[in-house]
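Participant: Based on the hints, put chain E in the right spot on chain L.
First to last, the protein sequences are chains L and E.
For the record, in the first sequence the residue sitting at position 360 is 360 according to this note's numbering, with numbers rising by one throughout.
For the record, in the second sequence the residue sitting at position 405 is 405 according to this note's numbering, with numbers rising by one throughout.
Hints are computed from structural coordinates only; laboratory data are not their basis.
A couple of the hints might just be wrong.
Below 30 Å or equal to it, Euclidean Cα-Cα: the simulated BS3-like pairs (lysine-lysine) are [claimed, not checked]: (1) E:K15 x L:K15; (2) E:K57 x L:K15; (3) E:K138 x L:K15; (4) L:K393 x L:K217; (5) E:K394 x L:K104; (6) E:K15 x L:K138; (7) L:K324 x L:K498; (8) L:K153 x L:K181; (9) E:K57 x L:K57; (10) E:K104 x L:K57.
Now for the letters of each chain:
2 protein chains.
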Amino acid sequence: MTPEQSYEELVRRMKEITVLGNTAGVLGWDQEVNMPSANAPYRADQLSLLAGMCHQKFTDPVVGDLISDAESSKNLAGDPLGDSAVNLREWRHSYDRSRKLPQKLVEEMARVSSNAQVEWVEARKENKFARFQPWLEKIVALVQEQAKCYGYKDHPYDALLEDYEPGLTTAELNKLFPPLKKSLAEMVAKITSSKRQPDSSILKRACPIPAQQAFCKTMAEAIGFDFTKGRLDIAAHPFTTGLGPSDTRITTRYEETNFENSFFSTLHEAGHGIYDQNLPGDDHYGTPRASAVSLGIHESQSRLWENLVGRSLPFWEYFYPQLKKSFPGVFDDVSLEAFYFAVNHSAPSFIRTESDEVTYNLHICLRFDIETALISGNLKTGDIPGLWNDSMKKYFGIVPATDSVGCLQDVHWSHGSFGYFPTYTLGNLYSAQFFEKADKDLGGLGSGFKKGNFAPLKKWLNEKIHTHGQRYRAGDLCKVVTGRELTSDYFLNYLRTKFGQLYGF
Amino acid sequence: MTPEQSYEELVRRMKEITVLGNTAGVLGWDQEVNMPSANAPYRADQLSLLAGMCHQKFTDPVVGDLISDAESSKNLAGDPLGDSAVNLREWRHSYDRSRKLPQKLVEEMARVSSNAQVEWVEARKENKFARFQPWLEKIVALVQEQAKCYGYKDHPYDALLEDYEPGLTTAELNKLFPPLKKSLAEMVAKITSSKRQPDSSILKRACPIPAQQAFCKTMAEAIGFDFTKGRLDIAAHPFTTGLGPSDTRITTRYEETNFENSFFSTLHEAGHGIYDQNLPGDDHYGTPRASAVSLGIHESQSRLWENLVGRSLPFWEYFYPQLKKSFPGVFDDVSLEAFYFAVNHSAPSFIRTESDEVTYNLHICLRFDIETALISGNLKTGDIPGLWNDSMKKYFGIVPATDSVGCLQDVHWSHGSFGYFPTYTLGNLYSAQFFEKADKDLGGLGSGFKKGNFAPLKKWLNEKIHTHGQRYRAGDLCKVVTGRELTSDYFLNYLRTKFGQLYGF
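In isolation and in its complexed conformation, chain L is listed as follows (with noise of 0.2 Å):
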């Protein structure tokens, strides 16, 4: 075989490995959205099954050999940039990662987080952490199994971020976050003394459901989400999920008095789904070059419309009459001002999702050290509501009452998703350093806002983001696109500027 065919048959192998991943895409979204509690044992076995099928064909030996034969070739390898050898480096990356990990230890994964996903959903709903805490307890056993078969240098959690963030270690996290908390910590002390309050009962104002629905749909299509390749459904805890080139598809949760949820819970999800729908089609499928970078700068797409473009005063000059529209009466004696600031709001609050951004990376900074401190073995899954109590009072000065509204407000935990959090406010951090790039690019976008015209920032993020799939590593495509390395300076700035202006600082 010359390396170019060694090359063919590896693109064949991993679209094949990447039809089987799809169809356990659809087998998870299924059980998230439709499927009876009572056959999730079942549906264990089935993901389990191909979870293993998937892991056994993409650390097959002859996978690596077909590596190293095309790696062989200065045609296929020798463009860093050029697809093959992006194909290339990330094939390289992953099998060598995935060969680490034995079989049994994918599958029983795969089989303990389908189940602990159906217990952490009751054990929520009941308000019952030791409904979770077994399942939890072995799924953090199994975390730090896979650690161990991954190796690290400093920290076990190193090896858990590589798989959400590739490269980023905790040695840096321990640098980024304190001084974050430290400026984010003075904006809260701030707004919280502000005399200046919005009135953000109008936020618990009832609108009924359907109506909602409605609405969210006609946002996530006005801002791009193409509804010819994707649906919108309800789940417990929102997600997008690709299943196909033509198959994207993103949930919410409605609940009739906290419109704020469903609105920017679909804005938040449309945000991943149209990166999802504007990586390249076709000959890429199931390629690197047409996947997404890494957890952070997908986060940065949902972040950049649902709170720069979603909670920008433009984007409500558009929709707000739309919507008072929408829900007739519910809306009439208030301001266009009063809602943009209400739904601005920014106070201490329990549930990660609804938090606001100034607010919402204090939610990741403790949910990281809880996450350090058990994959290091300094911390039992028992102890965990009573350190998430302690740390809420630390940051926010307020405690839980229940643990639905606590430690067990997440699905994260569930699925074996630890290191994944920090990935959230690296996420904040890019969508604002993107915003202010292409603001400046396209010569400031609140006036097309204004008018309901998204397209041309859709555009640029297609053209300086989506369209490169894995081309560049997630700091080297922020110094691509933006001209800097990543830092918080944007989205401190956008903080201070927004909020100052409508708490007045």
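Facilitator: Quick look at chain E alone, frame taken from chain L:
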């Protein structure tokens, strides 16, 4: 390996294949209920890959060796009605049969039929047979190729029937159908010429779809469909699919001015669903001992609940007051008797799934004639619309105005399911024979139905039919349960009694 160990290994492998098959089932359900149609080609690749994997695993020569090995044990194969002997008998049958299909043909059929189904949906929508015809052409060629690979004595159609009603031959159907046709034609003549006719215009009264959905769910639950282990959704062509031991999904379709369609489709699919939900679970799941006997027997369960129960007077004595409450004002001027007569109206019509109990089997005869002619090569796909319309004229005296309500109405051909239609008629015959026996055993069922008590009949079906899985082949099961071979006597008697009373003959 001992024969016992071989058997254990066989069970393990077969259960794994079932898990994979159910994975394809989830994808298939999703395709018809949720998937954006733009994703069809990709989903076709997924289904093709899974079908290929299942075929490969099932036709692995090791499986043949394991079967032979296990068959050699008197302990396992000695008692022909023992669990292991039943499983071995059916695995042997399927293994010998599936080894005859080349993997390439299996994959090609999965790919083509997945695409064909999407094209069929569009062709029906657009009333454009020409859009579907090239796909049907491909399907027929593949099905003919299948028949050739399977082999047959008299008619290539025999080889296809074997998939749905093992052992049934074209010659037997050619004996069974003509006299049935004759009796039905006589009944149709009596009904058409009768002076007593129902006011079936009440069936077109507007019933809001959300209330239809709620009522359908109520009925399905009342007759015994377990919603903790199943769902009811919407699909263009109603179907039932078993996706796991605790996950049985039924579908229906709704039109505001056609509640009859959604109601009886739901009862029909719930009948299928109740069979699936009550097959032996646990250890047996994934083996023939826990599988349905044949499509004819499956259809007997759906038709029994749809017609023998759901179109009976006692059923509506119980449900009609509830119906009036669910659709306030709609049926105020309609007596129970008038409603009962309306849902048993009989008249020549275009759509098989909406046709009545008397004319239904004539629709099947029409399809049987076309299918056998297509498979034997005596009919070109391009000539189907003409032959369809000529046959409609001959059997019913009416001609469909469009192919959408003619030869494009059924999904089956787009799935490559040739030989399926005759099982509908077998189901009707079985349903009447089973129902008469249950009615005798349980001392009259009507008095219970009047009070909403459907549990005794469900229990009888559970014990007499469902619990056996594939212990008996269809014909033997009929003899064991009713003491007689399948005959059309019970069905024709049932029709003559009911329709004779209604139409006065």
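Participant: All hints, please: hold or fail.
Facilitator: Evaluation of the provided hints:
1. E:K15 x L:K15: Status holds; Cα separation ~27 Å.
2. E:K57 x L:K15: Since the Cα atoms of K57 (chain E) and K15 (chain L) sit roughly 21 Å apart, the hinted pair holds (cutoff 30 Å).
3. E:K138 x L:K15: 26 Å, holds
4. L:K393 x L:K217: 38 Å, violated
5. E:K394 x L:K104: With a Cα-Cα distance of about 64 Å, the restraint between K394 (chain E) and K104 (chain L) is violated, given a limit of 30 Å.
6. E:K15 x L:K138: 26 Å, holds
7. L:K324 x L:K498: 24 Å, holds
8. L:K153 x L:K181: Holds - the C-alpha atoms of K181 (chain L) and K153 (chain L) are around 26 Å apart, at most 30 Å.
9. E:K57 x L:K57: 16 Å, holds
10. E:K104 x L:K57: 21 Å, holds
Hints 4, 5, counting from the list given before, are not met by this structure.
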